[in-house]
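S.K.: With the sequences and hints as input, model every part of the structure.
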Amino acid sequence: DTEVTQTPKHLVMGMTNKKSLKCEQHMGHRAMYWYKQKAKKPPELMFVYSYEKLSINESVPSRFSPECPNSSLLNLHLHALQPEDSALYLCASTQLAGGRRETQYFGPGTRLLVL
Amino acid sequence: AQTVTQSQPEMSVQEAETVTLSCTYDTSESDYYLFWYKQPPSRQMILVIRQEAYKQQNATENRFSVNFQKAAKSFSLKISDSQLGDAAMYFCAYGGGNEKLTFGTGTRLTIIP
Numbered sequence: 001d002t003e004v005t006q007t008p009k010h011l012v013m014g015m016t017n018k019k020s021l022k023c024e025q026h027m028g029h030r031a032m033y034w035y036k037q038k039a040k041k042p043p044e045l046m047f048v049y050s051y052e053k054l055s056i057n058e059s060v061p062s063r064f065s066p067e068c069p070n071s072s073l074l075n076l077h078l079h080a081l082q083p084e085d086s087a088l089y090l091c092a093s094t095q096l097a098g099g100r101r102e103t104q105y106f107g108p109g110t111r112l113l114v115l
Numbered sequence: 001a002q003t004v005t006q007s008q009p010e011m012s013v014q015e016a017e018t019v020t021l022s023c024t025y026d027t028s029e030s031d032y033y034l035f036w037y038k039q040p041p042s043r044q045m046i047l048v049i050r051q052e053a054y055k056q057q058n059a060t061e062n063r064f065s066v067n068f069q070k071a072a073k074s075f076s077l078k079i080s081d082s083q084l085g086d087a088a089m090y091f092c093a094y095g096g097g098n099e100k101l102t103f104g105t106g107t108r109l110t111i112i113p
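Keeping their order, the protein sequence lines are chains A and B.
Under the numbering used here, the residue at position 113 of the first sequence is numbered 113, and the numbers go up by one with no gaps.
Under the numbering used here, the residue at position 25 of the second sequence is numbered 25, and the numbers go up by one with no gaps.
Simulated from the structure, these hints should not be mistaken for laboratory data.
The structure presented is a predicted model; accordingly, all values stated were derived computationally and were not measured.
Be aware that a few hints might be false.
In silico DSSO-like links for lysine-lysine, alpha-carbon gap of 30 angstroms or less [claimed, not checked]:
hint	chain 1	residue 1	chain 2	residue 2
1	B	K73	A	K38
2	A	K19	B	K100
3	B	K100	A	K53
4	A	K40	B	K100
5	B	K55	A	K18
6	B	K73	A	K40
M.R.: So this is what it looks like as structure tokens:
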């Protein structure tokens, strides 16, 4: 089973709203990732959690706040977003943290529209 | 820093024919993995195939195979007997000595019935 799930599938929010994206995996993976993907572009790494601790933050604005409550769950809290934050947000996981050359398994993504 | 280059923004192939997607990369590392991911319009990134740099044998997964030329830093994907379901954006990616994947810019593959 190589399934990563993400909810919601679609999200529309205003610039003053607070919302959260959720990602879940039950493969026993110990590293989880958030990516942002604009149309016709490759994914851009935002955050990496290794063993439930934030290991990489790619200088993402503070209006994006990640959280890893346990080894299976990864959240991305959104607050005061801008229209340019509209994108597909992808979650991924790998078996080992410190993940040298590990295969990343991706979820189906959340399509976010900020009005 | 590693870079991955996909020089073909778009490709098309007749159904049942064979197509090759190109990828080159640049790295100073000796131990790494290379990946091809497929992203159909449904948008989920799906692993197609992966290659360990230390293996000389080219990876194969059913109709998908790679031509890995380590000295030339080339990693092309061959799709045989193309099917309508192969239509997607294909990303080449490099995984090296850290937790990051470096992606190419992608090749959009169209299958002509």
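S.K.: Would you mind marking each hint as holding or not holding in the structure?
M.R.: Here is what the structure says about each hint:
| no. | hint | result |
| --- | --- | --- |
| 1 | B:K73 with A:K38 | holds, 28 angstroms |
| 2 | A:K19 with B:K100 | holds, 27 angstroms |
| 3 | B:K100 with A:K53 | holds, 16 angstroms |
| 4 | A:K40 with B:K100 | holds, 20 angstroms |
| 5 | B:K55 with A:K18 | violated, 48 angstroms |
| 6 | B:K73 with A:K40 | holds, 25 angstroms |
This entry does not satisfy hint 5, going by the numbered hints stated previously; all others are met.
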